[in-house]
Amino acid sequence: MLQIDHISKSFSTGRDKRTVVLDDIALEIHAGQSIGLVGESGSGKSTIIRCALGLMKPDTGNVRYGGIDVHRSGRADMLAFRREVQLVFQDPYASLNPRMTVEELVGEGLLVHKLDGSASGRRRRVVEMLEMVGLGEEALGRYPRSFSGGQRQRIAIARALVIRPQLLICDEPVSALDVSVQAQVINLLQDMQRELNLGILFVAHDLAVVRHLCSTIAVLERGKIVERGTRGDIFDNPQHPYTRSLLAAVPIPDPAVGQARRAKRQLAL
Amino acid sequence: MTMVLKRGEDVADQVHRPVPLLNVDQLCIDIGARNASVRIVDKVSFTLGKGERVALVGESGSGKSVTAQALMRLNPRVRLSGRVDFDGADLLQLSAGQMAALRGSRIGMVFQDPMSSLDPLMTIGDQVAETLRIRGIGRQEARRRALEVLDELKVERAVERLESYPHEFSGGMRQRVVLAMALVGEPDLLIADEPTTALDVRVQERVLDLLDEISRRRGLAVLLITHDMGIVAGFADRVMVMYSGRIVEENEAAQLFREPQHPYTRGLLEAVPRADRTVDRLPSINGAPPLPSSRPKGCHFHPRCDRATGVCSAETPGETFTPLGGRVRCHLYGAG
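These protein sequence lines map, in sequence, to chains F and X. Position one of the first sequence corresponds to residue 1 (this note's numbering), numbered consecutively onward. Position one of the second sequence corresponds to residue 270 (this note's numbering), numbered consecutively onward.
Derived pair list, reagent style EDC-like, types lysine to aspartate or glutamate, alpha-carbon separation capped at 16 Å:
{"no.": "1", "chain 1": "X", "residue 1": "423", "chain 2": "X", "residue 2": "478"}
{"no.": "2", "chain 1": "F", "residue 1": "45", "chain 2": "F", "residue 2": "227"}
{"no.": "3", "chain 1": "F", "residue 1": "45", "chain 2": "X", "residue 2": "469"}
{"no.": "4", "chain 1": "F", "residue 1": "264", "chain 2": "X", "residue 2": "482"}
{"no.": "5", "chain 1": "X", "residue 1": "566", "chain 2": "X", "residue 2": "584"}
{"no.": "6", "chain 1": "X", "residue 1": "319", "chain 2": "X", "residue 2": "354"}
{"no.": "7", "chain 1": "F", "residue 1": "45", "chain 2": "F", "residue 2": "24"}
{"no.": "8", "chain 1": "X", "residue 1": "319", "chain 2": "X", "residue 2": "457"}
{"no.": "9", "chain 1": "F", "residue 1": "264", "chain 2": "X", "residue 2": "481"}
{"no.": "10", "chain 1": "F", "residue 1": "224", "chain 2": "F", "residue 2": "23"}
{"no.": "11", "chain 1": "X", "residue 1": "566", "chain 2": "X", "residue 2": "311"}
{"no.": "12", "chain 1": "F", "residue 1": "264", "chain 2": "X", "residue 2": "478"}
Restraint-style ranges between C-beta atoms, simulated for each label pair:
{"no.": "13", "chain 1": "X", "residue 1": "603", "chain 2": "F", "residue 2": "269", "range": "42 to 52 Å"}
{"no.": "14", "chain 1": "X", "residue 1": "488", "chain 2": "F", "residue 2": "239", "range": "38 to 48 Å"}
{"no.": "15", "chain 1": "F", "residue 1": "131", "chain 2": "X", "residue 2": "549", "range": "15 to 25 Å"}
{"no.": "16", "chain 1": "X", "residue 1": "466", "chain 2": "F", "residue 2": "118", "range": "42 to 52 Å"}
{"no.": "17", "chain 1": "X", "residue 1": "299", "chain 2": "F", "residue 2": "20", "range": "52 to 62 Å"}
{"no.": "18", "chain 1": "F", "residue 1": "239", "chain 2": "X", "residue 2": "576", "range": "43 to 53 Å"}
Residues from chain F shown here face chain X by an in silico Cβ test under 7 Å; the list is partial:
{"no.": "19", "residue": "40"}
{"no.": "20", "residue": "186"}
{"no.": "21", "residue": "209"}
{"no.": "22", "residue": "211"}
{"no.": "23", "residue": "212"}
{"no.": "24", "residue": "251"}
{"no.": "25", "residue": "258"}
Hints in this document: simulated from the structure, not taken from any laboratory. No experiment lies behind these values; they were computed from the predicted model shown. Cβ atoms here follow ideal geometry from the backbone N, Cα and C, with glycine treated the same way.
Bound-form chain X, shown alone (with noise of 0.2 Å):
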């Protein structure tokens, strides 16, 4: 609890009430030689409550994945700084082996092309009770506990399927099979990067259906990592948007969507096309998202903003507390 209290002036402490497990504290990933580096990811903070459902959506290039991987430490080719706190430890502190122990076991991961997570030459039993194998559990007892598992995720006849191989499987019983081996080792937290893109719509709402059973059930925390914003609406107690590198706004998910705050947010949730509705023309986003390696100064938003100002192209914006209880980066708001 001492921890908590002596980040009283961070700012996503302000705006969370559940008790934080994962607490992420201005960090930044950066690319490339020292003399040449790219930040790829400037200053982002965010909590994760325990059992907390939250978005993290972007386009490409925003730095969602390369955040996920960060929290993770999936990529050795990019520098970490900033602190990553999950249950009282700063992951970007921990050796190699400590963290590797975390994997699977308190932190669970998902990625959306599941033929990527699978081996094509291990049974579907063996896969999913890999994780407890690797750390020590007995033969038995993991296969137990990975029927239990596939069975938790809906796999019908799961006691055939353990001998069965990846290909035997249709894309969205592959993901369910790679959401078996995330949640086999009773995570706290699941970090899912785009877990349902490569399916069809009804499998995806399958998949996410489970997800959500599977997350109230356990308590599970979910950063679900995603460019859909009918996902985001469909799944998240609170949504974080993310652009160019940088935390744009958050805010509890219904908030966001009914009054969103930062031009970018705005403009997105106005120009993706809806199954329910129909509208003559489609208002859009002038330009497109820009390059790491090309962000403009200021604002990295302001050359496709239409409110943008002078200070826009100067000075980055800071953070602003909204009334509506989010945050956002935008000269708009706050005075200076």
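For reference, chain F alone in the conformation it holds in the complex (with noise of 0.2 Å):
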């Protein structure tokens, strides 16, 4: 469905300085599987997010979508291509307009893509996209800020999933959100992947939701990805230096695990 084929991208930093962002990416995502891409801070995670939109153009390489190619396609193309693939952001307080209510937001992208004509067909998308994600009718006619950061984030979920896209591009979707709703929105992405069959490329830090959501992973070095492979691969087995030592790094809620790795860091120094 979604195919990056080994782009690259550098930046200027400096006269005859350049910065490798990402180097020779390659990933590939089909209908209904769930990718998940993680990676520290500065790991290129955003930049791979703004090529494969078609935000930034890779200095190598394209990413294709179909038959669309993203970066050097027309506007009835490129229309096409952002009514099949859709994102969620990492913050619910910046990415929703604060002037606008549920039911505009929500059904913003009908209009848009002008896939409804009627407003009453419009509103009866509207409110079933709102019950699939948790919420009611009832919201239709409130403001973003009365909504906590949980619900806001279901709001985002379905003005994504309104137009029916067939990919989903999350950016960190959980990770501004309390651990006690964050396992809300994680269920809801799940379940609408089940019932839609979506595409979802997952991008985070966080290696358990990722562990959690994903069926497979490609873990991301400073621009490049080491290793990837499926959940069981990674996690059970995971194969380069830099995978096991993310795992190993990654707090266990578990006061018996948390002790033996620490002897176990002692004992190596």
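Build the complex: two chains, separate frames, hints provided.
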């Protein structure tokens, strides 16, 4: 479905100096598949998203969706691309226009893509979608400010899914949420993926969340994919030293694990 | 010692054995005008022994950070009541001058974002030494001790780095510098408010290891404030769980993780996805934490609790000691 074909990107960082941000990234996402892309800050996660969406042009390589070359296509093709590929951002406080009601926010995609001509038809779809993400009809006339972080992220997900995209790109969608609310949104994404047979590209730094949501995982270190595999490969049998070091550092909510690890590290010193 | 004995009926004292360094008794924090004030922290009591590492866990809005700030009296916009005894003195009764003298010398503090604690126009050396210089310690001596503490925090090439500015440091290094600033005065207590939240996991682990090492070596008590149960498990001896302005459960870390008593603690531990196991579906807690201005009557958790009964929405649960050595604020425990 989405094919990121060996893209590289570097930025100028002073005279005669270039910093390589993406180094030969190749990634394919198929319908109904959930792929996790994990990496630390500065690893190039956001640059990959920008390139994949056509917002930034890679130096070499290309990104294709169906027959569309994301960086070399005309307006009509790009409009179609944007109907099929939607985004959910990290910060639900920043990504929703505070002056728009929930009905306007969720219905906007239907208008832009002219998917439903009548106001009543649009409202029906919006309500349907709101119910799907666990909010009700009573949310329609309200503004984002009257919702909690978790509810706002549900609105953002409804907004992305209302036009029935094939692929959802999620950029750290739960990292700004409270722990007790995070699980709700993770479960929602999981349900949506299964029910709508969505492809999901899930970009995050949190390995625990990625393990839970993604069947295939790619590990990004300073612009390079150093390891990729199934959930079982990456978590139970990691090969690359970087993957291992990341996994060894993820805090586990079990004091016995924490103590054993610390003892091991002290021994290594 | 007499002070400790006098508070024999104090709930927190019965639980913990170490000699208390800090004893917080019925701390309440109110905000807003007197006729429209909102209680954001409600009767929080706990003790912290010398050299003990205690975690205060909670979600945003639970009151954990305001509690930490209140101990240091850093937020002038809130009204504090109750007692905060630190080594024999009630911090809430001290003059501003006496309080300022305690900060940095007896009690150190670090926050989440190191850049907000650092002056971008001052060298690292001057910033670390500043705490000492303010107390009248000479230039040479202050510099020597700054160097010592940077070494202790494993900052490489510390001598050169004294002359660097914050922007030349990575996030992890900055947080070490901020820790050095907090530790250079050799405090007895360090209050660390989400000290590693902005860091990548591997850097986070390194910073927590350093803190662990220093705390053990120096006998430094640490109050770690965090939302991350994983960090708590790896660091704390004892854990207090805060929900909506109240401490709802407290116990030794091993015990709390093994047998959480409060439905909130239990729900929270189950809802955290883990990197070391796969489950098909995460159990989740319904709803969201209430805003401080619209907290429900009775137990603040009751609208989200699947074990709530009539009494939960009517009465605020008192504290009950559990046979497991902890305390819990929940109507499921204790006979009223």
